[in-house]
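2 protein chains.
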Amino acid sequence: MKIVTCIAPVNIAVIKYWGKRDNELILPINDSISSTLDANQMCAKTTIMASPNFLDNKLWLNGQEENFDQPRLKNCLKEIKKRIYTDESKENIVNWNIHICSENNFPTAAGLASSAAGYACLVFALAKLYNIEGDISGLARRGSGSACRSIYGGWVKWCKGEAADGSDSLAVQLAPPSHWADMRVIILVVNESRKKHSSTNAMKTSMSTSTLLTTRAETIVPARISDMEAAIKAKDFAKFADLTMRDSNQFHAICLDTYPPCFYLNEVSRSIIEFVHEYNDFKESTQVAYTYDAGPNACLYTLENNVSELLAVIDEVFPTNAAREEYIKGIPVKTIQLSQDVRQKFSSLKNSRDLLKYIIVTKVGEGPQMLSNTSEHLLNENGLPK
Amino acid sequence: MKIVTCIAPVNIAVIKYWGKRDNELILPINDSISSTLDANQMCAKTTIMASPNFLDNKLWLNGQEENFDQPRLKNCLKEIKKRIYTDESKENIVNWNIHICSENNFPTAAGLASSAAGYACLVFALAKLYNIEGDISGLARRGSGSACRSIYGGWVKWCKGEAADGSDSLAVQLAPPSHWADMRVIILVVNESRKKHSSTNAMKTSMSTSTLLTTRAETIVPARISDMEAAIKAKDFAKFADLTMRDSNQFHAICLDTYPPCFYLNEVSRSIIEFVHEYNDFKESTQVAYTYDAGPNACLYTLENNVSELLAVIDEVFPTNAAREEYIKGIPVKTIQLSQDVRQKFSSLKNSRDLLKYIIVTKVGEGPQMLSNTSEHLLNENGLPK
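In the order they appear, the protein sequences are chains A and B.
Everything in the first sequence is counted per full-length UniProt numbering, starting at 1 for the first residue and increasing by one.
Everything in the second sequence is counted per full-length UniProt numbering, starting at 1 for the first residue and increasing by one.
Everything labelled a hint here was simulated from the structure, so no lab data went into it.
Every value quoted in this text rests on a predicted model; they were computed, and no experiment measured them.
A few of these clues could be false.
[To be verified] Anything over 12 Å on all C-beta distances counts as not near chain A; from chain B, calculated:
1) M1
2) V94
3) S178
4) Q250
5) C262
6) D315
7) P319
8) I336
9) Y358
[Claimed, not checked] DEER-style ranges, computed between Cβ atoms:
10) A/K345 with B/K74: 34 to 42 Å
11) B/D281 with A/T374: 52 to 60 Å
12) B/P319 with A/A164: 52 to 60 Å
13) B/D22 with A/T219: 51 to 59 Å
Built from N, CA and C at the ideal position, the CB exists for glycine as well.
Working from the sequences, and respecting the hints, build out all of it.
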């Protein structure tokens, strides 16, 4: 038998992926760019065990046994098995059943791109299990499109590719995390009760009904991709922030141009957007950018030297009754007192209490890792969850 | 001295006007189509008195004296005076000062396109005062773009025109109110506390920042205008409703693609949108359409035979503590009891109480009118508000 345990990070797009040209192969209509977030704060962790003694394939997700017969999981496995170099020993392991156990170290209910980390982790672990070499981002893509970007650390571009078979629709690293070491990411998790639209279905509906999506994919995104690559390369925060916010807004505009329309931003999201623009106006330079995926939670990008003040102002504008140690998770942040004029400036923007569930402070981090310590395995020697 | 009193209606666009190619002349980047609403429910009323004894021009709006030196008012006056056929008697009146008194018969705070009715009324009354013949929609346009559509009753198209001087940017009637006599309009006035973006400024910002607006104006709207004209001509409600909802959503998508983004829809607006789609799904045919201007209030189009049931379902989904006679204004509606299955179907969509301020039931109506009865004048014999 063989067992591997891996972790894989979440990624947050700054130029968004929305719309597939091929639903089966998961091929996008435009390139996208993301940063990979530090796995110390948020990651998926997956243990895969292969054994000649297993009677069935089995799958556990976040403590629940799930049906193994899921089309995306089967797609990933099928593609992975095509990549196995068949010699005697590998042929054996290929025919063994496997047990997969996966969990996130952050609440999935928070709507924080958990499927990208999950599929990246699955594919990375399978690749380790079967000793697969070379780029595996195309394999991760078959599980969940944006999972391909979680295969690399730092700043990552998913090139949409041109080939009909999807062979060139792959992720590439634009820059490692060390390139822009003082970049910080602050996730504002919003209290939300509404039911969510599945993003797979919403994307399909956008493709068939939004009359603006083609212009976005064919004209606007290509220009933004090259501008964003230049902004990241030059570490030009103002340019980076401007593109990030505009592209988030345009993605949500496309959702609204979808029929029936699809709303992911709620009133709290809207208040955060208005706050970020007010904050940047107050600072007389762009210090913070927001971006939103298919949900109401805000992901803010800012530089390390702004984090303490920004969190203090957020605490003023979005007051909480929660204890700080429960409320602000992730990288420790020094608490500062705001000056009287800053407090006064933002007191008019003060919202009612507890609109935010909690805050995660994180940074740009590395790609997936294999964990060598056997204590990390999520499955015991019998292949059952510990 | 001479005195005239006129009323002019509100109009609600079903293909939206958003974006000017000339800010001074108020020339739009695309055609738009609206229905004119019955002045019995909502209208502006304006009295203008000209007298050789008036020392100054004066203006009262909704009971408050306002500065007469407003650029849009002056533009309208200047253009109107160019159109006066100068004989002896008219030359006299042209040189007299005027007193203008105008009011709306509905709350301006409700954010219901009051400037369109106001400027249409002003220009219509000035035209009567100075005996101006021919089309005056181009004059109304100089006050507020969409005011040009309130110059005609029924279904109206504002043709963007091609001329640089704006001479062909005029409104035309597509069909009189009698053409689609059973069309009803239900306005859901939403409780809203947020400050509003001025639509003039937001439109300018969209022009300079939205990268989707050109596609909308040049490609999407022209096709929708011809489809909408055909739907109105054929009284094809499903097609009309579909185009109306898609175009409202796209207008708000453009507002979101504006930078910084501009939000006019709030959570209640969003709930109404979701409700309308659920209601049409439940009825298995399109019975209701929503449209939203630069504010959170919903304007619903439906046919007369649906009004009673629709209002009963709205009462279920958006319950109120208000007394019915205060809450439902306008054309009287028969109250009906919903069947148990309809109630049950919509009980899951029930919102908290009092999200709506009140409801106006109205229909498509005639253009501006001059009132001949002297008791209607808003100014007394001395030219002061009664």
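We went through each hint and held it up to the structure:
With a closest Cβ-Cβ approach of about 50 Å to chain A, B/M1 is found to remain outside the 12 Å limit, as its non-interface label requires. Under the 12 Å C-beta cut-off, the non-interface status given to B/V94 relative to chain A holds; the minimum distance is some 48 Å. The non-interface label for B/S178 is consistent with chain A: the shortest C-beta to C-beta separation is roughly 31 Å, beyond 12 Å. Residue placement check: B/Q250 does not keep its beta carbon more than 12 Å from all beta carbons of chain A (closest about 5 Å).
Non-interface status of B/C262 relative to chain A is broken: a Cβ of that chain comes within 12 Å, the nearest being about 10 Å off. For B/D315, the non-interface assignment is confirmed: its Cβ lies about 22 Å from the closest Cβ of chain A, beyond the 12 Å cut-off. Chain A leaves B/P319 outside its interface by the beta-carbon criterion, the shortest separation being 18 Å against a cut-off of 12 Å. Every C-beta of chain A lies more than 12 Å from that of B/I336, the closest at about 27 Å, which supports listing it as non-interface.
For B/Y358, the shortest C-beta to C-beta distance to chain A comes to about 22 Å, beyond the 12 Å cut-off, and the non-interface label holds. Between A/K345 and B/K74 the CB atoms are about 38 Å apart, so this pair conforms to the stated range of 34 to 42 Å. In this structure the hint that B/D281 and A/T374 lie 52 to 60 Å apart at CB holds, the actual value being about 54 Å. Between B/P319 and A/A164 the Cβ separation comes to about 54 Å, which falls inside the hinted range of 52 to 60 Å.
The beta-carbon spacing between B/D22 and A/T219, approximately 25 Å, falls outside the hinted interval of 51 to 59 Å.
Going down the numbered hints, you'll see the structure goes against 4, 5 and 13, while the others check out.
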